[in-house]
Amino acid sequence: MALFEVIVVGSGPAGTSAAYALRGCNVLMLDTGFTPPDCSALDGNIFELRRNREDMFLPLIGEKFESLHNIHQRKISLKLKSPFMHYIVKDWEKLSPVSSRDYEGACSFARGGLANAWGAGVYRFGDDDLRGFPVTAAELDPWYKILTEHIGVSGRNDDLEPYFGHEAALMEPLRLSPFASCFLRGYENNRAYFNGRGIFVGAPRLAVLTKDHDGRKKYEYENLEFFKPHIPAVYTPEYTLTRMIRERSIHYEDGCLVESYRERDGFVEVFARVLKTGAVETFRAGKLILAAGALNTGKIVLRSNNDYESRLPFLDNPMAVMPLFRINGIGAKQEMEGASLAQMNIIYDGPLADGALQASLYGAGGPLRSDVLFDLPLPMSSNMALMKNVSECSGAVMLFYPGRAREENYMKLRPDGALEIRSVEEKLGTVENLLLRCFRKIGYLGASFMCYYPKLGTSLHFAGMLPMKERPGIYQTDRYGRLFGARNVFIADGACFSALPSKNLTFTIMANSMRIADAVKRGQAES
Amino acid sequence: MDLLVQSEEMLKREAEYFHGRFFREALPSEVVERYVAANRICIPVVESGTAASMEKLVSHHLDVEAVEYAFRLKNRDNALTRKIQILFYLVEVRCKYFDYFFNSKKQRLRAAGSILPAVAMAPYKLLKGKYLIRRYGLV
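One line per chain: the protein sequences are W and L, in this order.
First residue of the first sequence: 11, per the working numbering; consecutive thereafter.
First residue of the second sequence: -2, per the working numbering; consecutive thereafter.
Check before you lean on any hint, since a few could be wrong.
[Stated by the list, open to error] List of simulated lysine-lysine pairs, DSS-like, C-alpha gap at most 27 Å:
(1) L:Lys53 with W:Lys343
(2) L:Lys71 with W:Lys465
(3) W:Lys422 with W:Lys85
(4) W:Lys422 with W:Lys479
(5) W:Lys437 with W:Lys100
(6) W:Lys155 with W:Lys228
(7) L:Lys93 with W:Lys343
(8) W:Lys74 with L:Lys93
(9) W:Lys104 with W:Lys85
(10) W:Lys343 with L:Lys71
(11) L:Lys103 with L:Lys53
(12) W:Lys451 with L:Lys103
(13) W:Lys422 with W:Lys100
(14) W:Lys74 with W:Lys104
(15) W:Lys437 with L:Lys53
(16) W:Lys155 with W:Lys479
(17) W:Lys437 with W:Lys422
(18) L:Lys125 with L:Lys53
(19) L:Lys127 with L:Lys53
(20) W:Lys465 with W:Lys451
(21) L:Lys103 with L:Lys9
(22) L:Lys103 with L:Lys93
(23) W:Lys74 with L:Lys9
(24) W:Lys100 with W:Lys286
(25) L:Lys9 with L:Lys127
(26) W:Lys85 with L:Lys71
(27) W:Lys85 with W:Lys343
[Said to hold, decoys possible] For the chain W half of the interface with chain L, some residues (derived, Cβ under 10 Å), not all of them:
(28) Gly34
(29) Cys49
(30) Val400
Hints are computed from structural coordinates only; laboratory data are not their basis.
Glycine is no exception: its CB is placed at the ideal position from the N, C-alpha and C atoms.
Next up, chain L with everything else stripped away, as it sits in the complex (with noise of 0.2 Å):
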């Protein structure tokens, strides 16, 4: 299979539409220059199949969630999780967003109420994954 460099524009719009589906703050500009350094370093060429993929996720605004966690739970080390795992730690180390990563006060009813849903959604999300997987032909 080809090996292709994805651009500099390809990179920045997965910054952008992955942290769209994770976070509510808007992006910061340096966390996009930083993914797009440390895609360089990381993942400096991709297969043209997982480029294609990335390209349609975007473009189709697909469930990256779903799509992400189907690939892990198949293989740990795919391109995708290793993209998001890059934006997770370019966004953790933000005080902007200290709180979705640390209870800074004490949530038992809350922490509850978030994490049953949250196992609850596995399962579906899980199928959702699989489902576009094959539907749109990523890898």
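Chain W with its partners taken away, still in its complex shape (with noise of 0.2 Å):
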């Protein structure tokens, strides 16, 4: 049997980055790996296909009625729930069953994982956001430059400098819909208004081209983030993936689901099933990192140990959506060049939160329109001319409070080997209605009865299991990501975070990946 230096455990964000860091070692990625559909039939802008092409039932619905998702199941992301982006949520429910009342996240078995669905957001974390984590922003600030380098990020150093940091090699941004450029232009000349009142806007740092880099196009405006995947512009990891498996500077073998680990005397076996046969296969290496995303990592750890009584901390970001309304462009002309992607970044830092809460500013224009008119609160052909003549004046902002670490929010595995999850919704609002008084300052709508707030793991920021600490105990990592009580089981995704701040996570994760991959590779982090 062979051994290899490292098995990696999962292709998403974690597990990439760290294969990439450890480029040159032999390193073996286990995954499952599902790929998508044939999606050429989505080439082209999402609008002009829809006026011109007689029936786009396939690509939009699916053959399987995949879009109708939510009206007869467990509600999950519009954006997963389209016929070619659907194969990121395979079988998810089958592989890893969860047990929650409230529960709405989901998690994916998919070559490159939950980020084939991003929204592509790129956000260090300064010191304030790594409040708990045993390790410094300046410590992750030579892998958020290398990825940064890699990805290609668009975004400006700009009010929002002092929450993002100076970013020198940023691309120019996206252009802006009209709904997002008045809304930045009202708040640049209300400037001193919202600053004082902790309010500060900005355009986004995204995983989004502006400009050909490293053999990907530059971003066009057809707004197809809700149903196609791999848009060449905008960055998953699974390009860097596809980009190691064809210069072979990793092993990647697919269609494993990995179980379990057992530690022997100086190297780690891993139990994978193998999806097509169902037979169990060993593989074994000198280290192991799971970074399987942060509830399948602490389903993997819990399993290995047998234990099935145990509860590990399961932090998520709570959100709340405002719809806002722009009076002025009732009426507009549907725009067909558009992205569906975050169009402003918004933080609040005042007395009304504990440390900065980070929002961000979207369009209308992403998803089907009868994916929101039943949600509208006129009859339906009362809501059909609602829709068309204000979709272009009407957006929402998604704000995103701190994952809390609570004793009531855990997960543990049950015996069946379904995950048990619960948490503890919280009381949100002060900060809503906050904004939407200042916003109204500048001709944007919105009203508090009309906020929505997500049932939980609707923003799949999912962390905290096995949180990194100074002095870790049992269930818990050193700063190199080392499970307590381990010698060369590493854990690299969210569930090593010891926090979980109002920043989107993902850029955080693969650069601390990195970090613990590049350590695990020196060797730096023997016990």
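Join the two chains into one complex using the hints; note that each chain is given alone, in its own frame.
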């Protein structure tokens, strides 16, 4: 049996970044690795296609009615239910069942993981965000820099620089929609008013190319983000993974669901179920890096310890969605060219919250109309008239709160293999009220009764099951992600986060997993 | 309450009737077939009372928009709303229906002219829906 230097489990942002940092070593990546169907039916601008092609049933609804998922099944993100994106969450409830009353999250067994449907927001954690971590921002900085050059980041050093850090290598930000550019103008004309209330607005930092970079084409404003994976301008780990496989810098085994591991003298055995045959195959390596996504990594560790009792912490960002509407834009023509990505970022840094909160402004152009029409408060023909005439002047602000470690928020593995997840809903609303009041000043109308609070798991930002600690205890990890009590098992994904700030965590998952993998490579992470 | 599988014929009648209340176009036959297939997946069985309500809605030519609105305000996940949502998904992706959902040109005055009556009509539709539900014993 081959003995690899390192086995990396999972191909999402953490696994791929770890493997990238380990290039030059004898690395095996184990992955379930579902891949997308042929998406050529969606080559072009989404609105042009919808206006000109007689029937878009197959690419937009799907042969198996995938887009109707939320009508009859546990709700998932609108991005994950369209036919060409559905592979990202294919079989997740079968492969990693969850038992929870309120959970509306998902996990991914696709090649590249959930990041195939991410919003591409890339935010450095500062020392404030890293409170509770045994790692400083300065230690992550070199990895953020490498990643920024590797993936290409667009954005601007603007009013949000104190929160996002100065970045010299930014590409121009994406072109704004009329809805967002009016919002920005309103903010700039009333900067003192907003800043005096702790509100700062600026361009998002996105892993989206606005010029060609490293063989990938710049963004084309085709508004396909809800329907088509692997838009070349929008970075996903899958690009890096494909290149590493092509260049043979790693060994890649797909179709394997890693279930557990066992430490031996000087090496680790990894047990993976082969999806095609159902047989369990054993792989061996000197070190094991678990990066299967926070939930699955926690599950693998618990199962490897035959532990069906312990509760691991469960962190998730509570969210508030605030619909906004600008009266001046009623009856505007549908903009054909656009992006369904975050248009602006908004930071609230004031006395109503413990630490800065981050929000993103989105337009309403992304999803199918039928996804939202039935949530409007009027009869259907009125909703249609409303949607048609205000969609170009409406959107939503998504506000993320930090995930808090509380005894009531936990995950545990049940003997039947399902994950039990519990989390207490937080009382939110104060910051939303302030934001809505301030937005009204620049003509953006919203109301607190229209705010929507998605259920647990919707943010898909899971973390904290096996947190890094200066002095780790059971089910905790040291500063290099090494699991307490283990010699050669490391945790590299969100599971090892010590806290979950309001900022999107994916970029930091990538940087931290590179840091951990590099330490493993250099032998710094020895016990 | 008994659970029933709705007949294909009934589902086809529903599709025709619901569509006619919201859209002017002739209903494409593929949409009818897909409506039946989607119902088999999304709403494989309905309570007997719901099946009877669908039958009454269609055969008495009741104002389905008013009834749906009254049901939706009470419970977003009721069967009628889900059925109409299925139909909307199926027609929305056809180019013939593009102008129902998107403005191809700027039309500020026309927009105001369609939104204001649409909003004003809501209380009337709600009252009418509630009346029809009681009058015909819809569930």
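Would you list, in rising numerical order, the hints stated earlier that this structure does not obey? 1, 5, 10, 11, 15, 20, 21, 27, 28, 29
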